[in-house]
Amino acid sequence: GAVVSQHPSWVICKSGTSVKIECRSLDFQATTMFWYRQFPKQSLMLMATSNEGSKATYEQGVEKDKFLINHASLTLSTLTVTSAHPEDSSFYICSARDTGTSSFYEQYFGPGTRLTVT
Amino acid sequence: DAKTTQPTSMDCAEGRAANLPCNHSTISGNEYVYWYRQIHSQGPQYIIHGLKNNETNEMASLIITEDRKSSTLILPHATLRDTAVYYCIVRSHTGANSKLTFGKGITLSVRP
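Chains D and Z, in that order, are what the protein sequence lines are.
Sequential numbering of the first sequence, starting at 1, is according to my numbering.
Sequential numbering of the second sequence, starting at 1001, is according to my numbering.
Derived by calculation from the structure, the hints in this document are not laboratory data.
Every value quoted in this text rests on a predicted model; they were computed, and no experiment measured them.
Treat the hints loosely; a few may be bogus.
Okay, derived cross-link-like pairs now, EDC-like style, lysine to aspartate or glutamate, Cα gap no bigger than 20 Å in a straight line [stated by the list, open to error]:
no.	chain 1	residue 1	chain 2	residue 2
1	D	K14	D	E106
2	D	K55	D	E87
3	Z	K1099	D	E59
4	Z	K1099	Z	E1031
5	D	K64	D	E87
6	Z	K1099	D	D88
7	Z	K1104	Z	D1011
8	Z	K1104	D	E59
9	Z	K1052	D	E106
10	Z	K1069	Z	E1055
11	Z	K1052	Z	D1067
12	D	K64	D	E106
13	D	K20	D	D88
14	D	K41	D	E22
15	D	K41	Z	E1031
16	Z	K1003	D	D88
17	D	K41	Z	E1014
18	Z	K1099	D	E87
With beta-carbon atoms standing in for the labels, derived distance ranges [what the hints assert, rightly or not]:
no.	chain 1	residue 1	chain 2	residue 2	range
19	Z	T1072	D	K55	36 to 42 Å
20	D	P111	Z	G1015	26 to 32 Å
21	Z	T1005	D	N51	41 to 47 Å
22	D	A2	Z	S1092	20 to 26 Å
23	Z	N1030	D	L76	27 to 33 Å
24	D	T118	Z	T1065	29 to 35 Å
25	D	N51	Z	T1072	33 to 39 Å
26	D	E106	Z	A1017	20 to 26 Å
The following residues of chain Z were derived to be distant from chain D, with all beta-carbon distances above 12 Å [as the list claims (entries may be wrong)]:
no.	residue
27	H1049
28	S1070
29	I1074
30	L1080
31	V1085
32	R1091
33	S1098
34	K1099
35	K1104
36	S1109
Note that CB positions come from ideal geometry on N, CA and C, so glycine has one too.
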């Protein structure tokens, strides 16, 4: 149980285009999901917290107009990187909290999406 | 500010116990100690967490000192598949400190 999927697993796009990454909780409901970014040989950095049915909360320094987050259902959150540039190339990882069980405080992570902007 | 400090790396022999230390001297009374690991190019995987008492599950054991200023994650019989970056994180279950904030972690290399 407690599986989180991401799609796509990797994507290459041209500079200036937008890319959407999906995060799904497959066997549980997640009121809250999180988006992280990880550059090579660095740790995960929290970008934003996504709450179902409301606006996402962004961490300091993360441009909300560039990284659009939508959490329209209890099992799906999307991250759209708008007008992507090479410096946005990174490993994007989502995470979800199971809000329906005693394991509420455990966060389950997706496998990540490798974005390369050329 | 980092709330935990871990060595940069360590290695151990396959089949032996791997003991991964973590210092968290500024931990608050309502903060838990969590451990996650990340195998190369994958998402982090939850391992274990605890508040005061030692904890054990099918993956590992967590030993927390009585003053809660440090802890040790124990992988009882390390395998090559345990090679990963291990993150020790302190967090509360409510409020702003409930976020999972990752530090640099410790890179564990299990050698044959």
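For each hint, the structure was consulted:
1. For the suggested pair D:K14 and D:E106, the alpha carbons sit about 36 Å apart, so the restraint of at most 20 Å is broken.
2. The straight-line distance between the Cα atoms of D:K55 and D:E87 is roughly 25 Å, outside the 20 Å bound, and the hint therefore fails.
3. Proposed proximity of Z:K1099 and D:E59 is supported: the alpha carbons are some 11 Å apart, at most 20 Å.
4. Pair hint Z:K1099 plus Z:E1031 holds up; C-alpha atoms about 11 Å apart against a cutoff of 20 Å.
5. Taking the CA atoms of D:K64 and D:E87, the gap is about 16 Å. The hint holds against a cut of 20 Å.
6. Restraint check for Z:K1099 and D:D88: the C-alpha separation of about 23 Å exceeds 20 Å, so the hint is violated.
7. At most 20 Å may separate the alpha-carbon atoms for a hinted pair to count; Z:K1104 and Z:D1011 meet this at roughly 17 Å.
8. Restraint check for Z:K1104 and D:E59: the C-alpha separation of about 19 Å stays at or below 20 Å, so the hint holds.
9. For the suggested pair Z:K1052 and D:E106, the alpha carbons sit about 17 Å apart, so the restraint of at most 20 Å is met.
10. Restraint check: the Cα-Cα separation between Z:K1069 and Z:E1055 comes to about 16 Å, which is no more than 20 Å; the hinted pair holds.
11. Distance restraint check for Z:K1052 and Z:D1067: the Cα-Cα separation of roughly 9 Å lies within the 20 Å cut-off, and the hinted pair is therefore satisfied.
12. Taking the CA atoms of D:K64 and D:E106, the gap is about 26 Å. The hint is violated against a cut of 20 Å.
13. Distance hint between D:K20 and D:D88 is fulfilled; the C-alpha atoms sit about 13 Å from each other, no more than 20 Å.
14. Restraint check for D:K41 and D:E22: not satisfied, since their Cα atoms lie roughly 24 Å apart, outside the 20 Å limit.
15. Between the alpha carbons of D:K41 and Z:E1031 the distance comes to roughly 28 Å, so the proposed pair goes past 20 Å and is violated.
16. Among the hinted pairs, Z:K1003 with D:D88 is inconsistent with the structure: their alpha-carbon atoms are about 28 Å apart, more than 20 Å.
17. Only pairs whose Cα atoms come within 20 Å are accepted, and D:K41 paired with Z:E1014 is rejected, the gap being roughly 25 Å.
18. Using a Cα cut-off of 20 Å, the hinted pair Z:K1099 and D:E87 is violated, with the two alpha carbons roughly 26 Å apart.
19. Checking the proposed 36 to 42 Å range against Z:T1072 and D:K55 shows it holds: the Cβ atoms sit about 41 Å from each other.
20. About 28 Å separates the C-beta atoms of D:P111 and Z:G1015, a value consistent with the hinted range of 26 to 32 Å.
21. Under the hint 41 to 47 Å, the C-beta atoms of Z:T1005 and D:N51, about 32 Å apart, miss the expected range.
22. Taken as a hint, the range 20 to 26 Å holds for the pair D:A2 and Z:S1092, whose Cβ atoms sit roughly 21 Å apart.
23. Separated by about 32 Å at the C-beta atoms, Z:N1030 and D:L76 satisfy the suggested range of 27 to 33 Å.
24. Between D:T118 and Z:T1065 the CB atoms are about 50 Å apart, so this pair departs from the stated range of 29 to 35 Å.
25. The hint said 33 to 39 Å for the Cβ distance between D:N51 and Z:T1072, and at roughly 35 Å that hint holds.
26. At about 25 Å, the CB distance of D:E106 to Z:A1017 agrees with the hint of 20 to 26 Å.
27. Listed as outside the interface, Z:H1049 is inconsistent with that label: its C-beta sits roughly 8 Å from the nearest C-beta of chain D, within the 12 Å cut-off.
28. Every C-beta of chain D lies more than 12 Å from that of Z:S1070, the closest at about 20 Å, which supports listing it as non-interface.
29. With 12 Å as the threshold on Cβ separation, the claim that Z:I1074 sits away from chain D holds: the shortest Cβ distance comes to roughly 20 Å.
30. At roughly 20 Å from the closest C-beta of chain D, the C-beta of Z:L1080 stays outside 12 Å, upholding its exclusion from the interface.
31. In this structure Z:V1085 is not separated from chain D by more than 12 Å, as the shortest Cβ-Cβ distance comes to only about 8 Å.
32. With 12 Å as the threshold on Cβ separation, the claim that Z:R1091 sits away from chain D is violated: the shortest Cβ distance comes to roughly 8 Å.
33. With a least beta-carbon separation of about 8 Å from chain D, Z:S1098 fails to lie farther than 12 Å from that chain, contradicting its non-interface assignment.
34. Distance to chain D contradicts Z:K1099 as a non-interface residue, since its nearest Cβ pair spans about 6 Å, not more than 12 Å.
35. The non-interface label for Z:K1104 is inconsistent with chain D: the shortest C-beta to C-beta separation is roughly 5 Å, within 12 Å.
36. Once the 12 Å rule is applied to beta carbons, Z:S1109 is consistent with being away from chain D; the minimum gap is 15 Å.
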